[in-house]
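Line by line, the protein sequences give chains R and W. Numbering of the first sequence is given in full-length UniProt numbering, commencing with residue 1 and proceeding in unit increments. Numbering of the second sequence is given in full-length UniProt numbering, commencing with residue 1 and proceeding in unit increments.
Bear in mind the hints are in silico, worked out from the structure with no lab data behind them. Heads up, the beta-carbon is just placed ideally off N, CA and C, and yes, glycines get one too. Take these hints with a grain of salt, some might be off.
Restraint ranges, calculated between C-beta atoms of paired labels, are given here [claimed, not checked]:
| no. | chain 1 | residue 1 | chain 2 | residue 2 | range |
| --- | --- | --- | --- | --- | --- |
| 1 | R | Arg62 | W | Trp240 | 16 to 22 Å |
| 2 | R | Pro70 | W | Ser2 | 51 to 57 Å |
| 3 | W | Asp135 | R | Cys123 | 27 to 33 Å |
| 4 | R | Ile131 | W | Cys114 | 47 to 53 Å |
| 5 | W | Pro209 | R | Pro70 | 39 to 45 Å |
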Amino acid sequence: MTDARAAAAAVVDPEIRVITIDELGILRAVDEEPGTGRVVVTITPTYTGCPAMDVIREDIRRALAAAGHPDAEVRTVYHPAWSTDWISDSGRAKLEAAGIAPPAPRGDDTVVPLTLAVRCPRCGSPETTQISRFGSTACKALWRCRSCSEPFDHLKAL
Amino acid sequence: MSRFDFTLAVGDDALIAAQRLGEWTSRAPEMEEDIALANIALDQLGAARLLLTYAGELEGAGRDEDDLAYLRDDREFRNCLLVELPNGDFGVTMAKLFFLAAYQVPLYSALAGCADERLAAVGAKARKESAYHLDHAALWVKRLGDGTEESHRRMQDAVDQVWPYVHELFAPDPAAPVDPSTLRADFDATVSAVLDEATLTRPETGWAPGGGRDGLHTEHLSYLLAEMQVLHRAHPGASW
């Protein structure tokens, strides 16, 4: 039997398969009830309408069952609201390595995010422009590098 | 409005806005905008699902989000008229989205600080998304308003056409978790700043149609609901 927390934490995001739900900051808690062995996993969505949530819930249950925890419940909470500030340093590095520019730190969430210079994940140039404020998933925008001409995804600061 | 009626009204605004925005999918003027409108629709749908689920719990009659979305008739919907109006041209769609977002940002911000924990959680989450919608719609209003002679004319026409429907959003209701009339100053400040920059004129306040919160809708809602609900009603409980 593997540690329930480790099993849940290793589940990858179904839309950005290089990063785990733990690194993305959507895994909030893994609690094991003493005695019964029942596991309660708490997650929070990146966006309210994120269509990946059902898959994530299933993947967590499957990972826990494979790790010897068949009695598992996945709860979804909305408070406190997910922020890109919760993405771990290792998560940011993985995003960048996969060609997705990680979000700038947001700080106080009561203000509308500023658009800071986004560095090209391929060549590192800060000479980039936004092509579209929305991208292939709810959490991304589409950018292009003016130095190497490559288009790339950017995780929107939220 | 009771907490149930209020939650239903805010949820219905988001649901109907999502359905209207979804109509643009594959029809927007450019691919990036197609993706943008679909993403905004998805955010609205996400908020609608949370709010309708909670409304069903508050009602205590065993109705879930699907029952409320698919099995109510037009007279039972509590959305504002603004969101059910047809999309019109791209200018009208942007005017509608701009006014809706300029209302939803202060609404969700106020909800984030209200005493009801569930509504506060939805508010804290949705206000971030709405701020992004507001930013997006404001960019288009400015670009079209301060663009060519033709784009200016059509954006001004759109603002004039949609403006009467904003007043309903701020009808005073001291009993609601957030009194909508307290959001008006914030809304007016946002609208004035953007319209000024867009070289557009804010219409004089005059005709102010309402009734959405009481279930009295324009004929457009029935057609929208027919399309939205037909599959669920034809195949109750189906899954795929």
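Results of checking the hints against the structure:
1. Taken as a hint, the range 16 to 22 Å holds for the pair Arg62 (chain R) and Trp240 (chain W), whose Cβ atoms sit roughly 21 Å apart.
2. As the Cβ distance of Pro70 (chain R) to Ser2 (chain W) is approximately 43 Å, the hint placing it in 51 to 57 Å is violated.
3. Between Asp135 (chain W) and Cys123 (chain R) the Cβ separation comes to about 28 Å, which falls inside the hinted range of 27 to 33 Å.
4. Against the hinted window of 47 to 53 Å, the Cβ-Cβ separation of Ile131 (chain R) and Cys114 (chain W) comes to about 38 Å, which falls outside the hint.
5. The given range of 39 to 45 Å is broken by Pro209 (chain W) and Pro70 (chain R), whose C-beta atoms sit roughly 57 Å from each other.
Violated hints for the displayed structure, listed by number in ascending order: 2, 4, 5.
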